[in-house]
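Enquirer: Spelled out from the first residue to the last, the chains are:
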Amino acid sequence: DGGITQSPKYLFRKEGQNVTLSCEQNLNHDAMYWYRQDPGQGLRLIYYSQIVNDFQKGDIAEGYSVSREKKESFPLTVTSAQKNPTAFYLCASSISRAETQYFGPGTRLLVL
Amino acid sequence: KQEVTQIPAALSVPEGENLVLNCSFTDSAIYNLQWFRQDPGKGLTSLLLIQSSQREQTSGRLNASLDKSSGRSTLYIAASQPGDSATYLCATLGGQGNLIFGKGTKLSVKP
Numbered sequence: 085d086g087g088i089t090q091s092p093k094y095l096f097r098k099e100g101q102n103v104t105l106s107c108e109q110n111l112n113h114d115a116m117y118w119y120r121q122d123p124g125q126g127l128r129l130i131y132y133s134q135i136v137n138d139f140q141k142g143d144i145a146e147g148y149s150v151s152r153e154k155k156e157s158f159p160l161t162v163t164s165a166q167k168n169p170t171a172f173y174l175c176a177s178s179i180s181r182a183e184t185q186y187f188g189p190g191t192r193l194l195v196l
Numbered sequence: 003k004q005e006v007t008q009i010p011a012a013l014s015v016p017e018g019e020n021l022v023l024n025c026s027f028t029d030s031a032i033y034n035l036q037w038f039r040q041d042p043g044k045g046l047t048s049l050l051l052i053q054s055s056q057r058e059q060t061s062g063r064l065n066a067s068l069d070k071s072s073g074r075s076t077l078y079i080a081a082s083q084p085g086d087s088a089t090y091l092c093a094t095l096g097g098q099g100n101l102i103f104g105k106g107t108k109l110s111v112k113p
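Sequence order for the protein chains is P and B. Residue numbers for the first sequence, in our numbering: 85 to 196. Residue numbers for the second sequence, in our numbering: 3 to 113.
Worth double-checking, as some hints may not be accurate.
[What the hints assert, rightly or not] Quick list of simulated restraints, FRET-style, between CB atoms:
no., chain 1, residue 1, chain 2, residue 2, range
1, B, Thr7, P, Ala182, 41 to 47 Å
2, P, Asn110, B, Lys112, 36 to 42 Å
3, P, Asn112, B, Ser61, 20 to 26 Å
4, P, Leu196, B, Lys44, 23 to 29 Å
5, P, Leu196, B, Glu58, 46 to 52 Å
6, P, Ser164, B, Ser72, 42 to 48 Å
7, B, Asp69, P, Gly124, 39 to 45 Å
[Claimed, not checked] Below, computed lysine to aspartate or glutamate pairings styled on EDC-like, alpha-carbon distance capped at 16 Å:
no., chain 1, residue 1, chain 2, residue 2
8, B, Lys108, P, Asp122
9, B, Lys105, P, Asp122
10, B, Lys70, B, Glu19
11, B, Lys3, P, Glu146
12, B, Lys112, B, Glu17
13, B, Lys44, P, Asp122
[Said to hold, decoys possible] If you only want the chain P side, here are some residues facing chain B, beta carbon under 10 Å, derived:
no., residue
14, Leu127
15, Phe139
16, Asp143
17, Thr161
18, Thr170
FYI, nobody ran anything at the bench for these hints, they're computed from the structure. This structure is a prediction, so every number in the text was calculated from the model and none was measured. Cβ atoms here follow ideal geometry from the backbone N, Cα and C, with glycine treated the same way.
Given these sequences and hints, build the entire structure.
Expert: Have a look at this one:
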């Protein structure tokens, strides 16, 4: 089956801890994205990548970091600098930035 | 800066009713507009994508229209069913290549 997978489904972070959210796709898409969704809010773009070994900041990149070492994978690290990390995180991919984005099932991050 | 607004924020209708969801945007310089569906606690599912040169797109009981000059799009759902209950999001793709999302309309279809 082709698609986008995210893991884990739920993630708990302690104060001062960095955590990494996984995003994998087997759709052979060049572009990948990370969004944050807060209750009652629209999705906001954190980072995006148009090609391997390249990525760009989105609207709310502070306190987050990413890597794109493989076409299939685009992990997101929530660092201790992100003071309000509790949210629903969604990964997406597309053939190119002008095409339809396909979304993963999401990871809910909670702070202990 | 592009702003996308969806009205109403929530809508409850009886099964079988035809309904319209509204989306407005402030910057008409868009490449396309997309409609998504989101079930509670889930990711987004793409419903329809309308290119800037198109006026409408149809998929089954769904029809989306686009009027760039007025900065509006509508999603028409015919003969609504309880399974249509979800949050519907619209998003515009602009020159910087970023999708800008509205906050969504939460639809409830009552049996």
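Enquirer: All hints, please: hold or fail.
Expert: Evaluated hints:
| no. | hint | verdict |
| --- | --- | --- |
| 1 | B:Thr7 to P:Ala182: 41 to 47 Å | 23 Å, violated |
| 2 | P:Asn110 to B:Lys112: 36 to 42 Å | 39 Å, holds |
| 3 | P:Asn112 to B:Ser61: 20 to 26 Å | 24 Å, holds |
| 4 | P:Leu196 to B:Lys44: 23 to 29 Å | 24 Å, holds |
| 5 | P:Leu196 to B:Glu58: 46 to 52 Å | 48 Å, holds |
| 6 | P:Ser164 to B:Ser72: 42 to 48 Å | 46 Å, holds |
| 7 | B:Asp69 to P:Gly124: 39 to 45 Å | 27 Å, violated |
| 8 | B:Lys108 to P:Asp122 | 15 Å, holds |
| 9 | B:Lys105 to P:Asp122 | 10 Å, holds |
| 10 | B:Lys70 to B:Glu19 | 27 Å, violated |
| 11 | B:Lys3 to P:Glu146 | 20 Å, violated |
| 12 | B:Lys112 to B:Glu17 | 5 Å, holds |
| 13 | B:Lys44 to P:Asp122 | 13 Å, holds |
| 14 | Leu127 | 5 Å, holds |
| 15 | Phe139 | 13 Å, violated |
| 16 | Asp143 | 8 Å, holds |
| 17 | Thr161 | 20 Å, violated |
| 18 | Thr170 | 15 Å, violated |
Consistency with the previously given hints fails for numbers 1, 7, 10, 11, 15, 17, 18, ordered from lowest to highest.
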